[in-house]
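K.L.:
Spelled out from the first residue to the last, the chains are:
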Amino acid sequence: MSGKIEAHLESLGITLPAAASPVANYVPFLRTGDHLFISGQLSKAIDGTLISGHLGDNLTVADGQAAARAAALNILAQVQLALGSLDSVAQIVRLNGFVAATPAFTDHPQVINGASDLMVEIFAERGRHTRAAIGVTSLPLGCAVEIDAIVKVAET
Amino acid sequence: MSGKIEAHLESLGITLPAAASPVANYVPFLRTGDHLFISGQLSKAIDGTLISGHLGDNLTVADGQAAARAAALNILAQVQLALGSLDSVAQIVRLNGFVAATPAFTDHPQVINGASDLMVEIFAERGRHTRAAIGVTSLPLGCAVEIDAIVKVAET
Amino acid sequence: MSGKIEAHLESLGITLPAAASPVANYVPFLRTGDHLFISGQLSKAIDGTLISGHLGDNLTVADGQAAARAAALNILAQVQLALGSLDSVAQIVRLNGFVAATPAFTDHPQVINGASDLMVEIFAERGRHTRAAIGVTSLPLGCAVEIDAIVKVAET
Chain A
35 MSGKIEAHLE SLGITLPAAA SPVANYVPFL RTGDHLFISG QLSKAIDGTL
85 ISGHLGDNLT VADGQAAARA AALNILAQVQ LALGSLDSVA QIVRLNGFVA
135 ATPAFTDHPQ VINGASDLMV EIFAERGRHT RAAIGVTSLP LGCAVEIDAI
185 VKVAET
Chain B
35 MSGKIEAHLE SLGITLPAAA SPVANYVPFL RTGDHLFISG QLSKAIDGTL
85 ISGHLGDNLT VADGQAAARA AALNILAQVQ LALGSLDSVA QIVRLNGFVA
135 ATPAFTDHPQ VINGASDLMV EIFAERGRHT RAAIGVTSLP LGCAVEIDAI
185 VKVAET
Chain C
35 MSGKIEAHLE SLGITLPAAA SPVANYVPFL RTGDHLFISG QLSKAIDGTL
85 ISGHLGDNLT VADGQAAARA AALNILAQVQ LALGSLDSVA QIVRLNGFVA
135 ATPAFTDHPQ VINGASDLMV EIFAERGRHT RAAIGVTSLP LGCAVEIDAI
185 VKVAET
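Chains as they are written, first to last, in this note's numbering: chain A, 35 to 190; chain B, 35 to 190; chain C, 35 to 190.
No wet-lab data here; the hints were simulated from the structure.
Don't take each hint at face value.
What the hints assert, rightly or not - Among chain C residues calculated to face chain A with C-beta under 8 Å, some are:
(1) Thr83
(2) Leu117
(3) Gly118
(4) Ser122
(5) Arg128
(6) Ala135
(7) Ala138
(8) Phe139
(9) Pro143
(10) Asn147
(11) Asp151
(12) Ala158
(13) Arg160
(14) Ala167
(15) Lys186
Said to hold, decoys possible - For lysine-lysine, the following DSBU-like pairs were computed, each having C-alpha atoms within a straight-line distance of at most 35 Å:
(16) Lys78/C - Lys78/A
(17) Lys38/A - Lys78/A
(18) Lys78/C - Lys38/C
(19) Lys78/B - Lys38/B
(20) Lys78/A - Lys78/B
(21) Lys78/B - Lys78/C
Note that the coordinates shown come from a computational prediction; the quantities given were computed from them, not determined experimentally.
Don't be surprised by glycine CBs; every beta carbon is placed ideally from N, CA and C.
For reference, chain A alone in the conformation it holds in the complex (with noise of 0.2 Å):
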């Protein structure tokens, strides 16, 4: 914890949830030449606490954003793991942002705005990344929104 990304995290008042350890066979993340693949994260919170139920069901577009910036900042809190510090991120490149929601719900954008937003606040310009926003009939642990990622590393 001691790049200018996170000076500039504990400016914004964020901090990051502990890097969620995978419970199977296969790892949270994984580099390959200059790109880090991060698994799927959960909307789980700080305090451990999963944000869970559908979004059109018994969940508000607020509910559903604070969801994904959740799933977001696990995210990061891999991506620092893997890469000692925030600083060595070069560009978030893609997030796949998935929301547990009913067949008539529409707003999976603003919904998966919650961890976009995230990024630009925390990376700017290097956290506009591409994405696709998808509703999904359920997701592990029964929570709300899953996000995976692909990031580029800076070279050193």
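Using the hints, position chains B and C against chain A.
P.N.:
Using the frame of chain A, we list chains B and C on its own:
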């Protein structure tokens, strides 16, 4: 609109839509090395009409194919904006095709063929991509199909 | 079928299915640089039987794990066809696991472990991948699990 592929498009009678601007803190395309990532594009027709609904409910497979083709045209509009000309496409590497569908629906491949066939019609071998076809609960704005892409850029 | 991994497969009693041919204008695999993209593979058993249904409805978690393992075997059949031998796999980089599931289903990770465990059983450290596990409405042909992959190819 000046390349060989653009001339081929004209001979096929295909007009690309205007590239959609993102409405949030993300970008429609991003290049990293020789790969271009395209954000999820919706099934919006060239006149701006959204092709909405669910396969297995109020849309036929033919409707879905038209939706997939419309999403693919929006991908190509982004690729053209990113690269200047579609001649700079070395290979369509990947399409992820998400189809708003009921639990009983089974014809996702036929739906996504609306996009795949277009790519091969336009780019021939360079258009033959890997893909996944997935049935989801709902998509942004209620659209029927969303497709994202990874494109390899030709060395220049 | 001549490499060390193929011999390891034989010692494990694992037989790969025949690599499925795509039925449309796409390809089952595509290499770009040292990465091999594999199209979404379905939960089809080696005898050609489709493992179909929905988790949380008519399939148990054990059924889902068998489906995920079957999809993963189909991925490996494509990798072997693409590279000649599984010995050319440097790393399984990414698995996206899509599970046909009801809204109330929560055990997607356990289901996709059927694929993840197989990769590590076969490739040990080189098989430890990033992944996402997602519950979707429906999948092609009604199959229970679809998995796609990105594989890093060993330099030769």
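K.L.:
None of the hints should be skipped; say for each whether it holds.
P.N.:
Evaluation of the provided hints:
Nearest Cβ of chain A to the Cβ of Thr83/C: about 24 Å, over the 8 Å cut. The hint is violated. A cut of 8 Å between beta carbons decides the hint on Leu117/C: the least distance to chain A is about 16 Å, and the hint is violated. Nearest Cβ of chain A to the Cβ of Gly118/C: about 21 Å, over the 8 Å cut. The hint is violated. Contact between Ser122/C and chain A, as hinted, is not supported at the beta carbon level, the nearest pair being about 15 Å apart and thus beyond 8 Å.
Against a cut-off of 8 Å between C-beta atoms, the interface hint on Arg128/C holds, since the closest Cβ of chain A lies about 6 Å away. The beta carbon of Ala135/C is positioned within 8 Å of a beta carbon in chain A (closest approach about 5 Å), and the interface hint is therefore held. Hint on Ala138/C holds. Least Cβ distance to chain A is approximately 7 Å, under the 8 Å limit. Annotation: interface hint on Phe139/C holds; nearest CB of chain A at approximately 5 Å, less than 8 Å.
The interface hint given for Pro143/C is met, as the beta carbon of that residue sits about 5 Å from the closest beta carbon of chain A, less than 8 Å. Interface restraint check: Asn147/C against chain A, minimum CB-CB distance 5 Å, threshold 8 Å, status holds. The interface hint given for Asp151/C holds, since its Cβ lies 5 Å from the closest Cβ of chain A, which is under the 8 Å cut-off. Taking 8 Å as the C-beta cut-off, the interface hint given for Ala158/C is violated, the closest approach to chain A being about 10 Å.
At a threshold of 8 Å, the smallest CB-CB gap from Arg160/C to chain A is about 11 Å, leaving the interface hint violated. For Ala167/C, the suggested interface contact is upheld, since its CB lies about 6 Å from the closest CB of chain A, less than 8 Å. Because the beta carbon of Lys186/C sits about 5 Å from the nearest beta carbon in chain A, less than 8 Å, this interface hint is met. Our distance criterion of 35 Å between C-alpha atoms is met by Lys78/C and Lys78/A, whose separation comes to about 34 Å.
For the proposed pair Lys38/A and Lys78/A, the alpha carbon gap of about 26 Å is at most 35 Å, so the pair holds. Pair hint Lys78/C plus Lys38/C holds up; C-alpha atoms about 26 Å apart against a cutoff of 35 Å. Distance check on the hinted pair: Lys78/B and Lys38/B sit about 26 Å apart at the alpha-carbon level, within 35 Å; holds. Distance hint between Lys78/A and Lys78/B is fulfilled; the C-alpha atoms sit about 34 Å from each other, no more than 35 Å.
Straight-line distance between C-alpha atoms of Lys78/B and Lys78/C comes to about 34 Å, which keeps the hinted pair within the 35 Å bound.
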